[in-house]
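Colleague: Top line first, the protein sequences correspond to chains Z and D.
Just so it is clear: in the first sequence, position 164 is 164 by the working numbering, and no numbers are missing.
Just so it is clear: in the second sequence, position 281 is 281 by the working numbering, and no numbers are missing.
In short, the hints are calculated from the structure, not lab data.
Warning: the hint list may mix true and false statements.
If several chains are the same, the list does not tell them apart, and a pair holds so long as it fits within one copy or across any two.
[As the list claims (entries may be wrong)] Derived DSS-like pairs (lysine-lysine); straight-line CA-CA distance at most 27 Å:
| no. | residue 1 | residue 2 |
| --- | --- | --- |
| 1 | 182 | 156 |
| 2 | 269 | 109 |
| 3 | 156 | 125 |
| 4 | 118 | 156 |
| 5 | 308 | 186 |
| 6 | 308 | 232 |
| 7 | 118 | 308 |
| 8 | 42 | 470 |
| 9 | 541 | 118 |
| 10 | 156 | 224 |
| 11 | 541 | 224 |
| 12 | 541 | 109 |
| 13 | 514 | 481 |
| 14 | 533 | 42 |
| 15 | 308 | 201 |
| 16 | 232 | 201 |
| 17 | 308 | 514 |
| 18 | 109 | 308 |
| 19 | 269 | 541 |
Computed from a predicted structure; not experimentally measured.
Number of protein chains: 2
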Amino acid sequence: MADPLVIGEYLIHRLYEYGVRHVFGVPGDYVLTFFDRLHRSKIRVINTCDEQGAGFAADAYARLRGLGAVCVTYCVGGLKLANTTAEAFAERSPVVVISGAPGTNEREKNPLLHHRVKDFDTQLKVYEQLTVASTVLNDPETAFREIDRVLGAAMKFKRPVYIELPRDRVTAEGLAGHSFVKPSEKSDPNVLNEALQEAVKMINAARQPAVIAGIELHRFGLQKLFLEFIEKANLPVVSTLLSKSVIAELHPLYMGVYEGAMGCEAVRKYVETSDCLVLLGAPMSDVDLGIFTARIDPALSVYVTSEKTSIRFHNFENVFLEDFIRGLISSGVTRRRPAEIPHPEMPPQFHAVAGRKMTVARLFQKLNSFLEDNTVVIADPGDAMFGGADLVIHGSAEFLAPAYYTSLGFSVPASLGAQLADPDIRPLVLVGDGAFQMTGMELGTIARFGLNPIVIILNNRGYGTERPMKDGPFNDIPFWKFSRLPEVLGAGLGFEIRTEDELENTLNVCRDAKEFCILDVLIDSQDISPALKRFTETLAKRVR
Amino acid sequence: MADPLVIGEYLIHRLYEYGVRHVFGVPGDYVLTFFDRLHRSKIRVINTCDEQGAGFAADAYARLRGLGAVCVTYCVGGLKLANTTAEAFAERSPVVVISGAPGTNEREKNPLLHHRVKDFDTQLKVYEQLTVASTVLNDPETAFREIDRVLGAAMKFKRPVYIELPRDRVTAEGLAGHSFVKPSEKSDPNVLNEALQEAVKMINAARQPAVIAGIELHRFGLQKLFLEFIEKANLPVVSTLLSKSVIAELHPLYMGVYEGAMGCEAVRKYVETSDCLVLLGAPMSDVDLGIFTARIDPALSVYVTSEKTSIRFHNFENVFLEDFIRGLISSGVTRRRPAEIPHPEMPPQFHAVAGRKMTVARLFQKLNSFLEDNTVVIADPGDAMFGGADLVIHGSAEFLAPAYYTSLGFSVPASLGAQLADPDIRPLVLVGDGAFQMTGMELGTIARFGLNPIVIILNNRGYGTERPMKDGPFNDIPFWKFSRLPEVLGAGLGFEIRTEDELENTLNVCRDAKEFCILDVLIDSQDISPALKRFTETLAKRVR
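Pulled out of the complex, with its shape left as it was, chain Z reads as follows (with noise of 0.2 Å):
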């Protein structure tokens, strides 16, 4: 089929021809006739309560599909996203963000339109340090080359980018002639080659080596490679926190989460007495690095990801990760003997006790059991991302959080975004009363798309992380009944958990519930998990 030669239509076909079959947002009067256009294309519009709603629902979707949208109109909008792209960015998650704007043909005499801030190019300036690519397409000529670059760029970086549709250029025809040129870009085969001799010569050479399996690997698509290669070597891995579940964690040379002092103590002295560490995809974080408490020597390591290539204390440049670990498998890795590894602790057998007060701990023990293969957990930050992480991740299911940009409010609108990217799965929430409080209203667009989303509300009155760093009244959020929203959207399921038996009959209903269900699990204000008293010990000292 030829491409259209409209200018939006061009952009809705290149979106669909990437695979983006939703788009997140709320219209406005400058992006009405893109809306109108999208609404009858392929392309589903899905529109949520609040902008920050869809702009997280669309990074959750980007991670899952390779690539997620989110369209708004002019800055009243737009910059209601600056939040959820600058997590994008942080976290490779390819978003195309797309704004309407005043028509080129409103502009002259500079008029204070409303929406405007300071000139017609602020929100622009303010999405160029977001993005990895911006774009006004008020030029017809190059408004088709424009999009492929900016589309390209989202996909090659996996980071979001930024697209300006000024309301008269939705139906203006662009370029005659133009045709679409997949982007390729390959390493530069010597120094590939010659990073790949070096890095397989320290790794063959290494009495212990092992590998840091990063978050890249799931957003380039690289996990079916990545197993390729250490199952051919038979060397152990682990993730970071961000990375979680990039890797299914019952795979036989998987040793768990790898975070400094605050994870397990057995990954923690395995990793740490490597004499051969491989990072493959993984830029570690201050939360990886369990605020800074890893130990991981560069003079041991080989550090890939799209990025950066560093053996020891050199750099490669034009290395990409792709290139490199299908160099890994080709170019004569030993194959080890299966060594003694440690391996991610299965939770005890969880048996309720009848009566028996919930707590962060036993929660986790039985939601441990409840996952399933088509389960993907979803984790706010918090005691719900840093328990979560304590979860053994089976099968084919995942573990989505935000773990390094930490953004509150992140999973509700999210589990929105990966039920749509695959509506073969079942996302299970997991949110503290904080976060919930922001976005958790999302639950009223989930129902309106007739998705099945268990929220777990981990309801301590407060925010959890904070309290042992630095307490007082700002550290309380009110109390209100979660259970009880269902009754005002008029749909879902709300229970309230104070027991354990409440909670393993709760979650028997919600297994095969259609409708979303609210899980408000009441705990003590004080009562945290093992993996956030950790980590709010470590980070206390950086608080005064």
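Let chain Z serve as the given structure and place chain D on it in line with the hints.
Modeller: Relative to the frame of chain Z, chain D by itself:
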């Protein structure tokens, strides 16, 4: 009392001296130390559900008190405020955005600290686009001076500013011996004199002069001075939509809201046949200008705002609005005899017809009679705002709405800010169902702090402003039972209103209620006010 020596304390002290008694926000680890200091100060910390709510609340607070402040953590908090700060910029509201940040001592070797986006100055660069002044307090030698400079700019320009406070600088000592000098700026006397002489000559020579009273009279606290001028000269006055209520609407010299062809015909005619228009503090936007249906002839205009002074086609530099108005009072503008002028039409006395279905028109008729002297009407964009423009605001009541920037979701959190800014007022919130779904849950915060706004939801199940322009399912929003929210929040009174007698009876209950009240007024999805109908017909011509 001597100024405090520690940077965090100095900032708190200066805010207090400028009249700030409440700071809105959400804590996070990078700002916990400062939250703790705020909590121990004379300023009260107001935790909102989401940062967006804090931003809107601080904006309303700033509009009523002359300065507002919002305090959040780095990036995940700060970037959620991009939109509310843009609104404050566009509508001249002096909001201080205070953001925590990683300590300067944590930044060695450029680590991937949590919440970080591209670089440590990414958030600063975003805020440079959205504020009149910004600073990062990383240098104790300059911190006090920087605080003075940035807060001074907020006061001078009545626009938002940005202050980033690295967490290790909260308790660091600033430069000893610093002394605060209140900034003062005066007009250039020669320029002012020439401008005044020309203006007075034009006004005195005119057959039918008229004054457009703009929003800056409100922001710069010039309402009394302005009244002195028009009463001395006996000049008739209009407001704009953004400046509605800048003068009491029952004042004998007040004609109504001027908004081109969209407004009252008699007002339009009087203004557009005037042979001398004096625009004081009235930057004119497309919404104010009735989407450019207004006909204001620059050849007949005297135009003075905080940023620009023009008479006919020439400009004057260094003229301050306050000095100009003072000059008009003392420079011999001839007192006129009372002219025959139009006045706002008082809606007919409302008599509820039992069982008669609610309409938008009748709702506003009833509300008009419900206004009291201490009512502040706070309207969200949409029919809440356009229909609300026909309310006659009397006594010392006020009308607050983002009439230029028109960001949805303003009104509910704004009522939080407004009632804390002045505990003697009673907010009457007019909000559409779409806007309420964005930020309405801040009612939880309103309940927490014991406030009692009356919230009227114009529930037409969609984006009513957009339907007449281009309709589709993207303008529909899910139907929530808003009246059940008190059951979730554990506070407040909720009502579903279908008929005129239900409205009347319920408002009688609300008048004396000590808690917040939600009135979910169910109106037909196609029912819009006459004002909105005129507005969207004009706007629709720009949406193809």
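Colleague: Could you place residue 118 and residue 308 in one of the four classes (within, between, both, neither) given a Cα distance threshold of 27 Å?
Modeller: For residue 118 and residue 308, the Cα distance is within 27 Å only across copies (15 Å; inside one copy 37 Å).
Colleague: Pop the pair residue 156 and residue 224 into one bin, within, between, both or neither, using alpha-carbon distances up to 27 Å.
Modeller: within (19 Å within a copy, 60 Å between copies)
Colleague: At most 27 Å between CA atoms: does that hold for residue 269 and residue 541 within a copy, between copies, both, or neither?
Modeller: within (24 Å within a copy, 69 Å between copies)
Colleague: When Cα atoms must be at most 27 Å apart, do residue 308 and residue 232 count as within-copy, between-copy, both, or neither?
Modeller: Within one copy only: 25 Å inside, 73 Å across.
Colleague: Is it within, between, both, or neither for residue 541 and residue 224, if the alpha carbons may be no more than 27 Å apart?
Modeller: neither (40 Å within a copy, 53 Å between copies)
Colleague: At most 27 Å between alpha carbons: which applies to residue 118 and residue 156, within, between, both or neither?
Modeller: between (32 Å within a copy, 17 Å between copies)
Colleague: Please sort residue 308 with residue 201 into within, between, both or neither, judging by C-alpha distance up to 27 Å.
Modeller: within (20 Å within a copy, 71 Å between copies)
Colleague: One pair to classify: residue 541 and residue 109, alpha carbons no more than 27 Å apart. Within, between, both, or neither?
Modeller: For residue 541 and residue 109, only the inter-copy Cα distance (19 Å) is at most 27 Å; the intra-copy one is 56 Å.
Colleague: From the Cα coordinates, with 27 Å as the cut-off, is the pair residue 533 and residue 42 best called within, between, both, or neither?
Modeller: neither (48 Å within a copy, 33 Å between copies)
Colleague: Within, between, both or neither: how does the pair residue 308, residue 514 come out at a Cα-Cα threshold of 27 Å?
Modeller: This pair counts as neither: shortest intra-copy Cα distance 45 Å, inter-copy 61 Å.
Colleague: Measure nothing new, just compare the shortest in-copy and cross-copy C-alpha distances for residue 269 and residue 109 to 27 Å and report within, between, both or neither.
Modeller: between (67 Å within a copy, 25 Å between copies)
Colleague: Treating 27 Å as the Cα threshold, decide for residue 232 and residue 201: within, between, both or neither.
Modeller: Classified as within; 16 Å inside a copy, 92 Å across copies.
In this structure, the hints that do not hold are numbers 11, 14, 17, in rising order.
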